[in-house]
Amino acid sequence: ALAGNLGLGRPALPEEVAAWDKDVRPDGLGLPEGSGSVEDGEMVFAEVCASCHGDFAEGVDNWPKLAGGMGTLNHEDPLKTVGSYWPYLSTTWDYVNRSMPFGNAQSLSNDEVYAIVAYILYSNDLVEDDFVLSNETFLDVELPNTGGFIVDDRAETELALFSQEPCMVDCKETVEITMRAAVLDVTPETEPQAAA
Amino acid sequence: MTDKSDPTTTRRGFLKTGLAAGGAMAAGGAANAAGDPLITEVQPWAQELGDGVDATPYGMPIEFESDVVRRNVEWLTADTISSINFTPIHALDGTITPQGCAFERHHSGAIELRKEDYRLMINGLVDTPLIFTYEDLERFPRENHVYFCECAANTGMEWAGAQLNGAQFTHGMIHNMEYTGVSLRTLLEEAGVKPEGKWVYVEGADASSNGRSIPLEKALDDVLVAFKANGEALRKEHGYPVRLVVPGWEGNMWVKWLRRIEVGDQPWESREETSKYTDTLEDGTSRKWTWEMDAKSVVTSPSPQAPITHGKGPLVITGLAWSGRGAITRVDVSVDGGKSWKEARLAAPGQDKAISRFYLDHDWDGSEMLLQSRAIDSTGYVQPTKAQLRDVRGLNSIYHNNCIQTWWVKESGEAENVEVS
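Residue numbers (our numbering), protein chains in the order written: chain G, 1 to 196; chain A, 1 to 421.
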């Protein structure tokens with residue numbers, strides 16, 4: 001252990017750590033006891049989630065879609081959802097528990113969070129409609145894209161490639177404009193900065 | 001004296017007439033037969049009195065600079081609470097970003113957290129889990145450092161093509177400040193990290209929490225728990241009263257309103273490092289833990305929001321360069337779309353993981369330019385083109401777009417965001 005000796009701060013009480021340390025890891029560390037069914041989840045979801053995320057977790061307007069998009073990750077416009085993209089179910093539980101619903105976070109009971117997560121799994125066609133998620137069944141669920149991530153490999157794939165002595169003169173014969181932002185015209189109108 | 005109702009003296013009016021006349025400013029500064037009345041006639045400010053020292057206990061910029069402000073782009077996000085705005089880098093100079101116009105990125109809004117209500121917890125694999133008050137933090141040995149904070153998504157809208165027309169929008173998810181705070185190492189040593197401790201999890205006091213995992217090696221290296229920026233307390237929107245400063249690494253990890261640091265033996269794989277801040281490659285696999293921000297630069301003037309209004313002749317081409325892997329050692333500038341390059345002048349020697357200002361003093365002949373800048377850092381890394389990045393990553397990475405930017409400066413002096421072959 002590193003040795004500190006300024007004597008600042010005070011020991012944290014177990015109640016305090018329990019109140020703030022709610023994170024859940026992929027190996028299940030941090031999961032509280034509890035359970036919730038797809039059926040319960042459908043009701044809770046309809047009440048506190050569906051106004052933004054849709055009745056079937058398909059998303060309303062610009063709000064995030066939580067379901068769908070399977071097999072689109074190598075498409076031109078991938079749809080990244082819990083089902084198509086997220087690697088770990090723990091993240092879904094942890095994030096819903098801590099930060100949702102948007103504007104009324106930390107208002108759900110543990111059982112409600114289990115139920116919502118069960119319903120999100122169902123919306124992604126990953127479990128049957130009689131599925132019950134609990135701290136005991138949690139690690140049985142593997143999301144489809146668990147194997148879809150690699151640790152940053154820029155050191156192998158980019159750094160050497162982009163660390164060569166750059167060209168200074170006669171670097172290319174011709175230069176053509178291939179795309180123009182003014183054609184899209186999606187920039188907010190602003191006053192140009194004139195020399196004052 | 002200038003008359004603000006006269007369209008030729010407002011900014012927009014001036015610009016339009018200036019562009020039309022091809023150099024109205026030069027003409028305005030020249031003497032007519034009777035001399036320049038701004039000189040030959042006594043002006044009110046040379047005769048009457050200005051404001052007293054009690055007029056402005058804490059000042060704002062003069063009204064004539066009212067366009068130097070943060071801007072948002074409404075269509076980028078579903079709402080303005082979990083959203084982004086942009087630093088007006090096109091109008092700034094030097095390297096220090098004024099806090100009042102430094103960009104914001106929140107996931108559940110900018111919260112108000114009093115120093116009296118502030119608590120910082122260290123828990124997990126430590127000898128003694130600890131609680132600090134704000135006052136406690138001020139009693140630890142302090143450090144000062146200048147670092148850039150760049151959002152991982154800066155320039156992200158430009159992956160598929162030239163989209164937003166202005167350096168503020170394409171490159172303005174960045175600020176550069178002088179931070180005062182306590183090293184994270186000092187705080188972790190106070191709690192005593194157990195030998196099994198390999199990672200720290202950091203989270204904010206806001207509803208989004210923004211939890212992220214950081215390897216212990218980085219946490220013990222140069223990470224700062226900061227409470228001052230550019231000499232004064234952090235702004236509310238930048239994490240008041242305490243934020244994390246993670247030099248060289250993507251802005252998302254600079255957790256604001258920092259409330260808890262947990263030591264663990266494995267990463268947490270939180271939402272902000274799985275669903276978000278992971279970079280999808282062409283084959284559908286995604287990079288995770290892409291923490292460093294690679295060397296990057298942009299010409300801030302001339303640029304679409306900062307056109308040339310003075311006609312031919314001497315022109316200051318200027319911009320910003322930075323690297324998360326070290327110091328900027330050189331910036332090259334091209335006026336012909338990368339056919340040829342000239343080494344620009346750094347205003348000061350590059351500092352580790354901080355912004356550098358560069359200048360190229362140019363004699364503009366009034367013809368079209370395709371302006372580019374290319375940063376080189378102390379590791380020898382050379383800022384790539386967008387084509388080079390796309391060759392490796394495809395179009396769907398969203399984050400970490402550090403490509404060379406091109407501005408098409410037209411004969412009129414106006415500039416546009418373009419891509420070139």
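It should be emphasised that the hints constitute simulated quantities derived from the structure, not laboratory data.
The beta carbon of each residue, even a glycine, is placed where N, CA and C say it ideally should be.
Be aware that a few hints might be false.
[Claimed, not checked] Result set (DSBU-like, lysine-lysine): computed pairs, CA atoms no more than 30 Å apart in a straight line:
id : chain 1 : residue 1 : chain 2 : residue 2
1  : G       : K22       : A       : K276
2  : A       : K288      : A       : K198
3  : A       : K410      : G       : K22
4  : A       : K312      : G       : K22
5  : A       : K228      : G       : K22
6  : A       : K218      : A       : K236
7  : A       : K228      : A       : K115
8  : A       : K342      : G       : K22
9  : A       : K115      : G       : K172
10 : A       : K218      : A       : K276
11 : A       : K218      : A       : K312
12 : A       : K288      : G       : K65
13 : G       : K22       : A       : K236
14 : G       : K22       : A       : K218
15 : A       : K342      : A       : K410
16 : A       : K312      : A       : K198
17 : A       : K342      : G       : K172
18 : A       : K228      : A       : K218
19 : A       : K410      : G       : K172
20 : A       : K410      : A       : K339
21 : A       : K288      : A       : K276
22 : A       : K312      : A       : K339
23 : A       : K198      : G       : K22
24 : A       : K339      : G       : K172
25 : G       : K65       : A       : K276
26 : A       : K312      : A       : K342
[Said to hold, decoys possible] Chain G stretches covered by chain A per the calculated footprint, using a threshold of three residues with CB under 8 Å from any CB of chain A:
id : stretch
27 : 39–50
28 : 106–112
29 : 116–126
30 : 134–144
31 : 149–157
32 : 166–172
Evaluated hints:
This hinted pair checks out: K22/G and K276/A have alpha carbons roughly 20 Å apart, not beyond 30 Å. For the hint linking K288/A to K198/A, the alpha-carbon distance of about 18 Å falls within 30 Å, and the restraint holds. A C-alpha spacing of about 56 Å is found between K410/A and K22/G, which places the hinted pair above 30 Å, so the restraint is violated. With a C-alpha separation of about 63 Å, the suggested pairing of K312/A with K22/G is violated against the 30 Å cut-off.
The suggested pairing of K228/A with K22/G holds, with an alpha-carbon distance near 29 Å, which does not exceed 30 Å. The suggested pairing of K218/A with K236/A holds, with an alpha-carbon distance near 26 Å, which does not exceed 30 Å. Distance hint between K228/A and K115/A is fulfilled; the C-alpha atoms sit about 13 Å from each other, no more than 30 Å. With a CA separation close to 54 Å, the supplied pair K342/A and K22/G exceeds the 30 Å bound.
With a C-alpha separation of about 58 Å, the suggested pair K115/A and K172/G falls outside the 30 Å cut-off, and the hint is violated. Distance check on the hinted pair: K218/A and K276/A sit about 21 Å apart at the alpha-carbon level, within 30 Å; holds. With a C-alpha separation of about 50 Å, the suggested pairing of K218/A with K312/A is violated against the 30 Å cut-off. Distance restraint check for K288/A and K65/G: the Cα-Cα separation of roughly 21 Å lies within the 30 Å cut-off, and the hinted pair is therefore satisfied.
With a C-alpha separation of about 25 Å, the suggested pair K22/G and K236/A falls inside the 30 Å cut-off, and the hint holds. Taking the CA atoms of K22/G and K218/A, the gap is about 24 Å. The hint holds against a cut of 30 Å. For the hint linking K342/A to K410/A, the alpha-carbon distance of about 20 Å falls within 30 Å, and the restraint holds. Pair hint K312/A plus K198/A does not hold up; C-alpha atoms about 59 Å apart against a cutoff of 30 Å.
Between K342/A and K172/G the CA atoms are separated by roughly 15 Å; this keeps the pair inside 30 Å, and the hint holds. Between K228/A and K218/A, the direct Cα distance comes to roughly 21 Å. Compliance with the 30 Å bound is thereby established for this hinted pair. Annotation: proposed proximity of K410/A to K172/G holds, straight-line Cα distance about 21 Å (limit 30 Å). Proximity of K410/A to K339/A is assessed by CA-CA distance (about 18 Å); at most 30 Å being required, the pair is judged to hold.
Between K288/A and K276/A the alpha-carbon distance is near 9 Å, which keeps this suggested pair within the 30 Å criterion. Only pairs whose Cα atoms come within 30 Å are accepted, and K312/A paired with K339/A is accepted, the gap being roughly 22 Å. The straight-line distance between the Cα atoms of K198/A and K22/G is roughly 19 Å, inside the 30 Å bound, and the hint therefore holds. Restraint check: the Cα-Cα separation between K339/A and K172/G comes to about 5 Å, which is no more than 30 Å; the hinted pair holds.
Simply put, K65/G and K276/A have alpha-carbon atoms about 14 Å apart, close enough for the 30 Å limit, and the pair holds. Distance hint between K312/A and K342/A is fulfilled; the C-alpha atoms sit about 20 Å from each other, no more than 30 Å. As drawn, the stretch 39–50 of chain G meets chain A at 0 residues by the rule of a beta-carbon pair under 8 Å; below three, the given contact is violated. Taking a C-beta to C-beta cut-off of 8 Å, the stretch 106–112 of chain G contributes 1 residues in contact with chain A, too few for the three needed, and the coverage statement is violated.
For the stretch 116–126 of chain G, the assignment as covered by chain A is violated, since 0 residues bring a beta-carbon within under 8 Å of that chain's beta-carbons and 3 are needed. With a threshold of 8 Å between beta carbons, the proposed coverage of the stretch 134–144 of chain G by chain A is violated, since 0 of its residues qualify and at least three are required. Against chain A, the stretch 149–157 of chain G contributes 7 residues with a C-beta closer than 8 Å to a partner C-beta. That satisfies the three-residue criterion, and the hint holds. Look at the stretch 166–172 of chain G against chain A: 7 of its residues bring a Cβ nearer than 8 Å to a Cβ of that chain, three or more, so the hint holds.
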